[in-house]
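If you read the protein sequences in the order shown, they are chains A and B. Okay, so the first sequence: first residue is 1 according to the UniProt record's numbering, each after it adds one. Okay, so the second sequence: first residue is 1 according to the UniProt record's numbering, each after it adds one.
Each hint should be verified, as a subset may be incorrect.
Below, a list of computed lysine to any residue pairs in the SDA-like style, where the Cα atoms sit at most 20 Å apart [said to hold, decoys possible]:
| hint | chain 1 | residue 1 | chain 2 | residue 2 |
| --- | --- | --- | --- | --- |
| 1 | A | LYS262 | B | ALA143 |
| 2 | A | LYS201 | A | LEU63 |
| 3 | A | LYS159 | B | GLY147 |
| 4 | A | LYS159 | B | PHE19 |
| 5 | B | LYS26 | B | ARG239 |
| 6 | A | LYS159 | B | LYS26 |
| 7 | A | LYS159 | B | LEU57 |
| 8 | A | LYS262 | B | GLN144 |
| 9 | A | LYS159 | B | LEU58 |
| 10 | A | LYS262 | B | GLY148 |
| 11 | A | LYS159 | B | SER93 |
| 12 | A | LYS159 | B | ALA143 |
| 13 | A | LYS159 | B | ASP81 |
| 14 | A | LYS262 | B | GLY147 |
| 15 | A | LYS262 | B | ASN104 |
| 16 | A | LYS262 | B | SER93 |
| 17 | A | LYS159 | B | SER173 |
| 18 | B | LYS164 | B | GLY27 |
| 19 | A | LYS201 | A | ASP224 |
| 20 | A | LYS262 | B | ALA140 |
Rather than coming from a laboratory, the hints here were simulated on the basis of the structure. From a predicted model like this one, the values you see are computed outputs, not experimental measurements.
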Amino acid sequence: MKLRRRQRERLSLGLQYLVFIAIIATVLVAADWDRLADAFFRVDIIKSMFPTIITVALRNTILYTLGAFAFGLVFGTILALMRLSRVAPYRWVATAYIELFRGLPALLVLFLVGYGIPIAFPEREIPGGVFGSIAIGLGLTAAAYMAETIRAGIQAVPKGQMEAARTLGMSHFTAMRTIVIPQAFRIVIPPLTNELILLTKDSSLAYVLGVTAQTIEITKFGRDMLNDRVNATPLLVAGLAYLVITLPLSQVVRRLELRYAKAR
Amino acid sequence: MTTTPPRPAVEIRDLHKSFGPLKVLKGIDFEVGQGEVVCVIGPSGSGKSTLLRCVDLLEEPTAGKIWVNGVEMTDPDVEIDAVRRGIGMVFQSFNLFPHLTVLNNLTIAQRRVLRRGRAEAERIARANLERVGLTDKADAFPAQLSGGQQQRAAIARSLSMEPKLMLFDEPTSALDPELVGDVLTVMRKLAEDGMTMMVVTHEMAFARDVADRVVFMDGGVVVEQGPPQEVLGAPKHERTRAFLSRVLDPTHVAQLGAPDQSPGASD
Numbered sequence: 001m002k003l004r005r006r007q008r009e010r011l012s013l014g015l016q017y018l019v020f021i022a023i024i025a026t027v028l029v030a031a032d033w034d035r036l037a038d039a040f041f042r043v044d045i046i047k048s049m050f051p052t053i054i055t056v057a058l059r060n061t062i063l064y065t066l067g068a069f070a071f072g073l074v075f076g077t078i079l080a081l082m083r084l085s086r087v088a089p090y091r092w093v094a095t096a097y098i099e100l101f102r103g104l105p106a107l108l109v110l111f112l113v114g115y116g117i118p119i120a121f122p123e124r125e126i127p128g129g130v131f132g133s134i135a136i137g138l139g140l141t142a143a144a145y146m147a148e149t150i151r152a153g154i155q156a157v158p159k160g161q162m163e164a165a166r167t168l169g170m171s172h173f174t175a176m177r178t179i180v181i182p183q184a185f186r187i188v189i190p191p192l193t194n195e196l197i198l199l200t201k202d203s204s205l206a207y208v209l210g211v212t213a214q215t216i217e218i219t220k221f222g223r224d225m226l227n228d229r230v231n232a233t234p235l236l237v238a239g240l241a242y243l244v245i246t247l248p249l250s251q252v253v254r255r256l257e258l259r260y261a262k263a264r
Numbered sequence: 001m002t003t004t005p006p007r008p009a010v011e012i013r014d015l016h017k018s019f020g021p022l023k024v025l026k027g028i029d030f031e032v033g034q035g036e037v038v039c040v041i042g043p044s045g046s047g048k049s050t051l052l053r054c055v056d057l058l059e060e061p062t063a064g065k066i067w068v069n070g071v072e073m074t075d076p077d078v079e080i081d082a083v084r085r086g087i088g089m090v091f092q093s094f095n096l097f098p099h100l101t102v103l104n105n106l107t108i109a110q111r112r113v114l115r116r117g118r119a120e121a122e123r124i125a126r127a128n129l130e131r132v133g134l135t136d137k138a139d140a141f142p143a144q145l146s147g148g149q150q151q152r153a154a155i156a157r158s159l160s161m162e163p164k165l166m167l168f169d170e171p172t173s174a175l176d177p178e179l180v181g182d183v184l185t186v187m188r189k190l191a192e193d194g195m196t197m198m199v200v201t202h203e204m205a206f207a208r209d210v211a212d213r214v215v216f217m218d219g220g221v222v223v224e225q226g227p228p229q230e231v232l233g234a235p236k237h238e239r240t241r242a243f244l245s246r247v248l249d250p251t252h253v254a255q256l257g258a259p260d261q262s263p264g265a266s267d
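Chain A with its partners taken away, still in its complex shape (with noise of 0.2 Å):
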């Protein structure tokens, strides 16, 4: 018997959800569930991480991404400016500064200003303690990614903006932080976002500075408690809260494009 398109097509996307159920169920039936829920649920240990785990944790990761989200972005659009600048020694120190900035561990430089910075300045402190080190260290490496992005985003607005903002007298400053800016951020948004999630991530890099039971993040809060109970519960609700951080995220940043989807 002769099939017809339509029937194959149906017969085809049968057999592939019967191999995907088939794999599902053989995972779901294989696995030894108690002694998983043994290991990763338990419920009193759950219990105990609450409400440290928001208060002080989850807060912590939240300041000091947007610290050296903060950091990042303002350093990095001065880069991307530099970049594009028409004074040959501008370019030149970006680009340096971005070549070598993307290309180490984001862990060293954390560890370069945070021990690095007090042996240079002994008379002086980073302002802000331990979160300042975090917004410096994190941000210096964010901002070389970003300048890049920004840059994309600033040549991707058709030269005529430039053009029509000079013309009505502006100058070359003002038309740039009042025409072509606005309109490069709305075209980077999405991956700024991306930067946002992975500087949520890099937080948790701050254990290389000595964090106390005041300046703790997630992951950190995480393992010590997975040290402390010598069970793997604390790395799920750690994971969890990162979750919570970046779904809204997500969320808001897509309300945010479809609110500027008209004014493009």
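Place chain B on chain A using the hints.
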């Protein structure tokens, strides 16, 4: 500064402009008197848009001098932002700011450049929107307007800065045919109100009816200029005649299959 009678709005002396090895303008001498409407026509690649953009210094001349309202634009120390306040520029591609409403498109330069307060800037903006027939579009974003509405908003944006001279760079070339008339009507009204205008255009009817003077350019030089009835009605020069016959009677171009006379480069 000497106290001579009022200088022309635009004075150009021996202007040359090259892009790399490509010579686009080859010695232009040209004036636009106060209150005069001058239409610049010519085949694509003739340098007419480049000439217009040089007036506003969007292109840096290679050689020669340009004065606008008596201020030398080609002086390296010219306060370019200050001079540009007195010059309105309308582009082929409108170049409205897409992230701002129409009203804010009209107020942003007033506020940032002329330091007008919000209320005053909005009053002037609304008056100019009325002038171009867009009172009901103040709160729309550019993307919500038709091409013709966008171009009229762009004209209103320039007018909000109260310029003494308006430059138009093929303002209707990007429009659907049925939208061209609205923009040309606005421009005609502007001319009747006494605005000094320099218009690069392919709209021969506009040049014939509105211009005080028509300038025909080809190959980077001014070939012929004069009142529209002379240049368009009885052109003296062979190149002008050839161009006009191509534009006004495109289905009867004589040498079919002959190589295109105009240089390939677009302006």
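Against the structure, the hints:
Straight-line distance between C-alpha atoms of LYS262 of chain A and ALA143 of chain B comes to about 7 Å, which keeps the hinted pair within the 20 Å bound. Simply put, LYS201 of chain A and LEU63 of chain A have alpha-carbon atoms about 12 Å apart, close enough for the 20 Å limit, and the pair holds. With a C-alpha separation of about 19 Å, the suggested pair LYS159 of chain A and GLY147 of chain B falls inside the 20 Å cut-off, and the hint holds. Straight-line distance between C-alpha atoms of LYS159 of chain A and PHE19 of chain B comes to about 18 Å, which keeps the hinted pair within the 20 Å bound.
Of the supplied pair hints, the one linking LYS26 of chain B and ARG239 of chain B holds, its CA atoms being roughly 17 Å apart against a limit of 20 Å. A C-alpha spacing of about 26 Å is found between LYS159 of chain A and LYS26 of chain B, which places the hinted pair above 20 Å, so the restraint is violated. For the proposed pair LYS159 of chain A and LEU57 of chain B, the alpha carbon gap of about 15 Å is at most 20 Å, so the pair holds. For the hint linking LYS262 of chain A to GLN144 of chain B, the alpha-carbon distance of about 8 Å falls within 20 Å, and the restraint holds.
For the given pair, LYS159 of chain A sits about 11 Å from LEU58 of chain B by alpha-carbon distance, which is consistent with the 20 Å threshold. Between LYS262 of chain A and GLY148 of chain B, the direct Cα distance comes to roughly 19 Å. Compliance with the 20 Å bound is thereby established for this hinted pair. Of the pairs offered as hints, the one joining LYS159 of chain A and SER93 of chain B holds, with about 11 Å between alpha carbons and a cut-off of 20 Å not exceeded. Simply put, LYS159 of chain A and ALA143 of chain B have alpha-carbon atoms about 18 Å apart, close enough for the 20 Å limit, and the pair holds.
About 18 Å separates the Cα atoms of LYS159 of chain A and ASP81 of chain B, which keeps this hinted pair within 20 Å; it holds. Among the hinted pairs, LYS262 of chain A with GLY147 of chain B is consistent with the structure: their alpha-carbon atoms are about 16 Å apart, no more than 20 Å. Restraint check for LYS262 of chain A and ASN104 of chain B: satisfied, since their Cα atoms lie roughly 15 Å apart, inside the 20 Å limit. Between LYS262 of chain A and SER93 of chain B, the direct Cα distance comes to roughly 19 Å. Compliance with the 20 Å bound is thereby established for this hinted pair.
Between LYS159 of chain A and SER173 of chain B the CA atoms are separated by roughly 18 Å; this keeps the pair inside 20 Å, and the hint holds. With a C-alpha separation of about 26 Å, the suggested pair LYS164 of chain B and GLY27 of chain B falls outside the 20 Å cut-off, and the hint is violated. Between the alpha carbons of LYS201 of chain A and ASP224 of chain A the distance comes to roughly 17 Å, so the proposed pair stays at or under 20 Å and holds. Of the pairs offered as hints, the one joining LYS262 of chain A and ALA140 of chain B holds, with about 10 Å between alpha carbons and a cut-off of 20 Å not exceeded.
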